[in-house]
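Using the hints provided, position chain B relative to the given structure of chain A.
For the record, the sequence lines run as chains A and B. Take the first sequence: its letter number 3 is residue 3 in my numbering, and every next letter is one higher. Convert by adding 350 to the 1-based position in the second sequence; the result is the number in my numbering.
Treat the hints with care, since some could be wrong.
Partial chain B-side listing against chain A, Cβ under 10 Å, derived [claimed, not checked]:
1. F411
2. N418
3. S425
4. E427
5. R428
6. N458
7. N486
8. Y493
9. D495
10. A498
11. A499
12. E527
13. H533
14. G542
15. P595
No lab work stands behind these hints: they were computed from the structure. The beta-carbon is built from N, C-alpha and C at its ideal position, and this holds for glycine as well.
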Amino acid sequence: MRKRCFFLILLTCLNCSNDDSGYEPTPQPLSIPEIFSDNIIPPVIPTDNRQTLEGVALGKKLFFDEILSADGTKSCASCHSPQSAFTDNSPTSIGIDGIAGIRNSMPIFNLAWNYNERFTWDGKELSLERQAEEPVQNPIELHSNWDNVIERLQAHPEYPELFRLAFKTSTITKELTTKAIAQFERTLISANSKFDRYSLGQATLTSQELNGLDIFLREDKGDCFHCHGNPNNPLWTDNDFHNNGLDSNFSDLGLGAVTGDPNDNGKFRSPSLRNLAYTAPYMHDGRFTTLDEVIDHYSEGLQNSPTIDPLMKQLAQGGVQLTLQEKADLKAFLLTLSDPSFLNNPDFHN
Amino acid sequence: MKKKAPYENKLQKQVLIILVTLGLSFFSCSTDGDSTQNFQVATTFKFTHNWDGAPVTNSDFNTIQYTNENGEMLSIERLRYVISDITFTGAQGEILTFEAHNLVDVTNDNGLLYTLSTLVPIGNYSNVSFTFGLNNTYNTGNYPDLNAANFNVPDNLGGGYHYMQFDGKYLDTNSDEQGFNYHAIRAVDNPGPNPIFPQDTFFTVNLGPVAIANVTEIEVEADLAEWFKNPNTWDLNIYNQMLMPNSDAQIMMFENGQNVFSLGDVTQQ
Numbered sequence: 001m002r003k004r005c006f007f008l009i010l011l012t013c014l015n016c017s018n019d020d021s022g023y024e025p026t027p028q029p030l031s032i033p034e035i036f037s038d039n040i041i042p043p044v045i046p047t048d049n050r051q052t053l054e055g056v057a058l059g060k061k062l063f064f065d066e067i068l069s070a071d072g073t074k075s076c077a078s079c080h081s082p083q084s085a086f087t088d089n090s091p092t093s094i095g096i097d098g099i100a101g102i103r104n105s106m107p108i109f110n111l112a113w114n115y116n117e118r119f120t121w122d123g124k125e126l127s128l129e130r131q132a133e134e135p136v137q138n139p140i141e142l143h144s145n146w147d148n149v150i151e152r153l154q155a156h157p158e159y160p161e162l163f164r165l166a167f168k169t170s171t172i173t174k175e176l177t178t179k180a181i182a183q184f185e186r187t188l189i190s191a192n193s194k195f196d197r198y199s200l201g202q203a204t205l206t207s208q209e210l211n212g213l214d215i216f217l218r219e220d221k222g223d224c225f226h227c228h229g230n231p232n233n234p235l236w237t238d239n240d241f242h243n244n245g246l247d248s249n250f251s252d253l254g255l256g257a258v259t260g261d262p263n264d265n266g267k268f269r270s271p272s273l274r275n276l277a278y279t280a281p282y283m284h285d286g287r288f289t290t291l292d293e294v295i296d297h298y299s300e301g302l303q304n305s306p307t308i309d310p311l312m313k314q315l316a317q318g319g320v321q322l323t324l325q326e327k328a329d330l331k332a333f334l335l336t337l338s339d340p341s342f343l344n345n346p347d348f349h350n
Numbered sequence: 351m352k353k354k355a356p357y358e359n360k361l362q363k364q365v366l367i368i369l370v371t372l373g374l375s376f377f378s379c380s381t382d383g384d385s386t387q388n389f390q391v392a393t394t395f396k397f398t399h400n401w402d403g404a405p406v407t408n409s410d411f412n413t414i415q416y417t418n419e420n421g422e423m424l425s426i427e428r429l430r431y432v433i434s435d436i437t438f439t440g441a442q443g444e445i446l447t448f449e450a451h452n453l454v455d456v457t458n459d460n461g462l463l464y465t466l467s468t469l470v471p472i473g474n475y476s477n478v479s480f481t482f483g484l485n486n487t488y489n490t491g492n493y494p495d496l497n498a499a500n501f502n503v504p505d506n507l508g509g510g511y512h513y514m515q516f517d518g519k520y521l522d523t524n525s526d527e528q529g530f531n532y533h534a535i536r537a538v539d540n541p542g543p544n545p546i547f548p549q550d551t552f553f554t555v556n557l558g559p560v561a562i563a564n565v566t567e568i569e570v571e572a573d574l575a576e577w578f579k580n581p582n583t584w585d586l587n588i589y590n591q592m593l594m595p596n597s598d599a600q601i602m603m604f605e606n607g608q609n610v611f612s613l614g615d616v617t618q619q
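In isolation and in its complexed conformation, chain A is listed as follows (with noise of 0.2 Å):
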């Protein structure tokens, strides 16, 4: 009896002496919009990372501080803006030190539902997780390192705190801080645009929309769904890889530097064409300026090589020649997937 009473005071004092005892950061599971839960299968969220609201915050916080680059002067944010729906406006973005990279900021808005986690142009990260963690350490973009980082956000008056209430642990790592932003990521969901409440049957297109939408869906005009999604699919992107006609020659290989497979040269991630109203320029070099040339690209520039998809049509003709009219048509309703509800959530802003 009397070891018993012991060890009971023992566990107590134990109990006592740990920082976190009996805490738990709070659930926060994403939100997900109708339009996706009818339609397409639950978004990826890892075992170890689950959503709570103080990673959610802290992944806010530090997406948009400029803690993270090696000279303090840029953030996550510096190129992935609220107000162009997470890219930027560059053909290519700028590092710390002026230097340009060689793609364009991805937009980032449901990636939770990348469901094969391959991201970025070339499918290079395989996580969010893992993605967050390449900008900081690269040369051309936060040149910073993330020993340095760490240290920085350790000798921070709030971020062990804020580590804390999230992970439970003031000890911060590249680990956790990955994670965080990841969580604050995944909650950029965007199923908002009138094309969406037209779906839920709360908004109606004009008949040049709706022209568009035909135009979109068929094989013998624009072909655009095979691999930018449908009605049915809210996504707006198949999360897949595509030689989409851009170049004969590769000077930058996607997918195929990645892989070390001839077959995936100069194939890129089909983005979402979700907020297009505002994330010119386009393509993985930004090199259209406007929606009318990304348009007229796939209309009359097709360019062959032996790696582009299958997919593309009438390459003879350099593509599936539409009439001006259909051009304007496929245009209005596109316009309809921009969700400006996306870039004025104020928890999307810091």
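Leaving out everything else, chain B in the frame of chain A:
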């Protein structure tokens, strides 16, 4: 814009459960007094692919190395198809149907092994069959897995889902590489808001008798060359792209598909 009610998936699951329950009841009745009547085992379908007998996997993709019946050389770059309605027919005609679907994605090595969600009673079955594609009723459902896989057919092309996407390149009469999209769907005429369906183009694949005595793997072999061979010698110079709104092409795919699938090895653990 077709909007399907969320309850439909639930309803389909209920139908499946009812069918399985009914099926099990039949088997229980037919084996009354048999001490093995409660023995049920896991059953897996294994989908393998060949070209006139030569094995094909995704490692063989992207190289022009196959010759079709019409003499055109071609490559495979993307191959995925959906099967559904797996049915076991007992010796007395009892039917056990699994009203579900499986997307066989050869490109990404997904769905090549498909284990039925319910155990199968042991026994000698006079036939095992499945539907290539989706029957017309099933094809009106809303399936999040197929939507997420971007396997839909737009409403202006009849709606529902692809039965198959078989993409690649062939050498044309000038020996230039050209893309082909051998996409099988429900044949449709008058694409647009009021499509007309000239005939069904899903079909039943009968694998023949299968004995299930223990945990079983049933190999389904698909000879991809047959899509181009019999009874229609497929000319890729004529039928290459934009075949979804071409009902004649769809009906020829349906006819050629009858000879694609066959029973391979049946292994029991």
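Answer holds if the nearest beta-carbon of chain A is closer than 10 Å to that of Y493 of chain B; otherwise answer violated. Since chain A brings a Cβ to about 9 Å from Y493 of chain B, closer than 10 Å, the hint holds.
With a cut-off of 10 Å on the beta carbons, see whether A498 of chain B makes it to chain A. Hint holds; A498 of chain B Cβ to chain A Cβ min 4 Å, cut 10 Å.
Would the stated hint for E527 of chain B survive a check requiring a Cβ distance to chain A of less than 10 Å? holds (7 Å)
Report holds or violated for the interface hint on D495 of chain B, using the least CB-CB distance to chain A and a cut-off of 10 Å. Hint holds; D495 of chain B Cβ to chain A Cβ min 6 Å, cut 10 Å.
Checking hints one by one. Is A499 of chain B an interface residue toward chain A, by the C-beta closer than 10 Å rule? It holds, given that the least Cβ distance between A499 of chain B and chain A is near 8 Å, below 10 Å.
Holds or violated: the hint that H533 of chain B contacts chain A, with Cβ atoms closer than 10 Å. Interface hint status for H533 of chain B: holds (8 Å vs cutoff 10 Å).
Should the interface hint for P595 of chain B be scored as holding, given a Cβ-Cβ cut-off of 10 Å against chain A? holds (6 Å)
Once the shortest beta carbon distance from N486 of chain B to chain A is found, is it less than 10 Å? violated (17 Å)
Under 10 Å is the threshold here; is the Cβ of R428 of chain B close enough to any Cβ of chain A for the hint to stand? OK, holds: R428 of chain B within 10 Å of chain A, min 7 Å.
For the hint on N418 of chain B, just tell me whether its beta-carbon gets within less than 10 Å of chain A. violated (15 Å)
Hint validity - E427 of chain B Cβ closer than 10 Å to any chain A Cβ: holds (6 Å)
Tell me if F411 of chain B is really an interface residue toward chain A, meaning its C-beta lies closer than 10 Å to one of theirs. OK, holds: F411 of chain B within 10 Å of chain A, min 7 Å.
The structure fails hints 2, 7 (numbered hints given earlier, in ascending order).
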